[in-house]
Amino acid sequence: MAEIRNQAEISEQAEALKKAYAEWKTAADATTNKNKKYVTVSSEQVDPLYTPADTKSIDFLRDIGFPGEYPYTRGVHPSMYRGKPWTMRQFSGMGTPEQTNERYHFLLSQGQHGLSVAFDLPTLMGYDSDHERSLGEVGKCGVAVDTLLDMEKIFKGIDLGKISTSMTINAPASVLLAMYIVVAEKQGVPAEKLRGTLQNDILKEYIAQKEWIYPPEPSVKLIVDTIEFGTKKMPLWNTISISGYHIREAGATAVQELAFTLADGFTYIEKSIERGLDVDEFAPRLSFFFNAHMDFFEEIAKYRAARRIYAKRMRYKYDAKSERSWMLRFHTQTAGCSLNAQQPELNLIRTAYEAMSAVLGGTQSLHTNSMDETLALPSDKAALLALRTQQVLAEETGVINTIDPLAGSYYVEAMTNRMEAECEAYFAEIDRRGGVMRCIEEGFLQREIAKAAYTYQREIDSKERIIVGVNGYVLENEQIDIPILKIDESVAELQRQSIKKAKSIRDQDKVTRTLNDLRQACRDNKNTMPFIIDCVRQYTTMGEICDAMKDVYGEYIEPPNL
Amino acid sequence: MSDKIRILLAKAGLDGHDRGIKVIAAAFRDAGFEVIYTGLRQTPEMIVDAALQEDVDAVGVSILSGAHMTLFPAIRKLMEERNCADMILFGGGIMSEDEITELGRKGVSKLYGPGTSTIEIVEYIKGAVAKKRAGEKLV
Chain A
16 MAEIRNQAEI SEQAEALKKA YAEWKTAADA TTNKNKKYVT VSSEQVDPLY TPADTKSIDF
76 LRDIGFPGEY PYTRGVHPSM YRGKPWTMRQ FSGMGTPEQT NERYHFLLSQ GQHGLSVAFD
136 LPTLMGYDSD HERSLGEVGK CGVAVDTLLD MEKIFKGIDL GKISTSMTIN APASVLLAMY
196 IVVAEKQGVP AEKLRGTLQN DILKEYIAQK EWIYPPEPSV KLIVDTIEFG TKKMPLWNTI
256 SISGYHIREA GATAVQELAF TLADGFTYIE KSIERGLDVD EFAPRLSFFF NAHMDFFEEI
316 AKYRAARRIY AKRMRYKYDA KSERSWMLRF HTQTAGCSLN AQQPELNLIR TAYEAMSAVL
376 GGTQSLHTNS MDETLALPSD KAALLALRTQ QVLAEETGVI NTIDPLAGSY YVEAMTNRME
436 AECEAYFAEI DRRGGVMRCI EEGFLQREIA KAAYTYQREI DSKERIIVGV NGYVLENEQI
496 DIPILKIDES VAELQRQSIK KAKSIRDQDK VTRTLNDLRQ ACRDNKNTMP FIIDCVRQYT
556 TMGEICDAMK DVYGEYIEPP NL
Chain B
87 MSDKIRILLA KAGLDGHDRG IKVIAAAFRD AGFEVIYTGL RQTPEMIVDA ALQEDVDAVG
147 VSILSGAHMT LFPAIRKLME ERNCADMILF GGGIMSEDEI TELGRKGVSK LYGPGTSTIE
207 IVEYIKGAVA KKRAGEKLV
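Protein chains in written order, with our numbering: chain A, 16 to 577; chain B, 87 to 225.
By construction, these hints were calculated from the structure, which means they are not laboratory data. Cβ atoms here follow ideal geometry from the backbone N, Cα and C, with glycine treated the same way. Only true hints are included.
Below, computed lysine-lysine pairings styled on DSS-like, alpha-carbon distance capped at 27 Å:
| hint | chain 1 | residue 1 | chain 2 | residue 2 |
| --- | --- | --- | --- | --- |
| 1 | B | Lys-212 | A | Lys-466 |
| 2 | A | Lys-201 | A | Lys-177 |
| 3 | A | Lys-501 | B | Lys-196 |
| 4 | B | Lys-212 | A | Lys-478 |
A partial selection of chain B residues facing chain A, derived with a Cβ cut-off under 8 Å:
| hint | residue |
| --- | --- |
| 5 | Gly-99 |
| 6 | His-103 |
| 7 | Arg-105 |
| 8 | Val-109 |
| 9 | Gly-125 |
| 10 | Ala-153 |
| 11 | Thr-156 |
| 12 | Ser-182 |
| 13 | Glu-183 |
| 14 | Gly-199 |
| 15 | Thr-204 |
So here's chain A without its partners, still in its complex pose:
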């Protein structure tokens, strides 16, 4: 009987809610501005009001639960920022290794927790600074690294046994990881003590950022090499940072960022299992990297949905037994693509809101962009303000006091559910098309992103979407009044000298032998990591090592599709 009465009460309540909602809707419609579209940054419709009707399918323990517990919707640690604040990790690197080392010492002296290395394009593409394709690019969007000599300079005076370092690399990730290991070894720090993260997610390069060397198959093989090596030799190292950041920057919506990134992650997991690794051996060291764009609630919902989707798949699809395998840990960077060259000081404000969404979404580490990044690499002043943005957030706003404070919000929970459902729909579509690698080959993911990017731009061009300082609130005859960092054109020459020096001190026979061994390891389908470490130890250059692997794997050229 009690059961029946409860059912009756529930339906009575639902009826009352429906009636009250209808009354409110009439009143609200009368005063709503109907000429404006109410959509997220991802052009998703948003309702004017969310109520318990939007969250009635939620079972608290099953879908939301407690932080540090499955499905981790509320965060991966039981105490979240009360236990440990997020790691403030500013991505930085420019010019010569010496100049970058100086910036690192400055940032660390100002309270930054961990390092994050930006390399220049020749380094990322496997060209030495003296290669003709490096013309004009040396030291420009990051630091130039040609040999171990350069890595030694970058980390001079920094104890690699104490600091954690993230390195954004991709195609030649295994080479730079090898250099890092050898630099540490020379400092007396063994590989098993190293902490940090390797960004070597190549799939998102084919999808979004477009920096690759080899074709997809061997590229993924090299990644599995680093995952296997890290799993066995570097227990504290995050072997990969599976990245949605660049997918979003290329114009993807929040759901596309989430779906494509997780799909990439599952591809690496499947490849690692194929290699013979046990999922619970390697999964705890996988990490993710997301974007924080301008739509505050949409971003928070994205991070919460990411953790829940991942936990479910790891537990039930990949049959992981260890709770650590179920946890999606991630780094966040605020959206570079949300920043503008007009009134660049406004970028400070944008970045601050974005950073707050990342923290409310439970990020493990954070990079806040500098206000001048639409004009040049960050100046000292802009880099310091970017770091201070995080410090104000952590110390002054109270966001760290309570965990996942937006849980239970009808809007955020409904949006979290919607994200999950749309993400699952993309997974089904990707599976139907034969998986991520096949989707990349046929350009499906790239086209989806390009479409979203154009939709967004058209909204701005038509002023459906207002961007302050760009298509609204424009300053006539604006004079930009912030300091701009200039990279000295002499960097390329200094790097040429550095390569010469490395070549003069090394044993050429050993260089030739280790390179031949590496080629043979590639042909024999062995794990390349130990062979690459042998190469870098001999001051073999980045270009020489990557060329040796090109001899076996070939190079990838993307057809110029629009």
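Using the hints provided, position chain B relative to the given structure of chain A.
Here is chain B on its own, set in the frame of chain A:
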């Protein structure tokens, strides 16, 4: 020969960030232009070769990696050497005002940073091509 405006779009140097160039390509097509896209990692030689071969009115180059101060002048110089200096050279990327001024002096007609409306770029190209074509008729 068709009156359609013909544009070559190219990604120069090692940079792979192609969101901007794809968006502008779509906007140009919607505006009725003929767009030829070279794809990624083009050297100045490859770009000027393609521009000549396709006989375009304008060449748009996107560089977000910081190599603009080297690559734009190199492309311009080649255009002069190969007698196609009448082609409009324009571009986009991450550059400071000082750099844009300097590249303007070196023969780059127009450079755009983040936040530029595609309508503004389309209008600029229409105007510049009209001027260029009018100039040709005068000769």
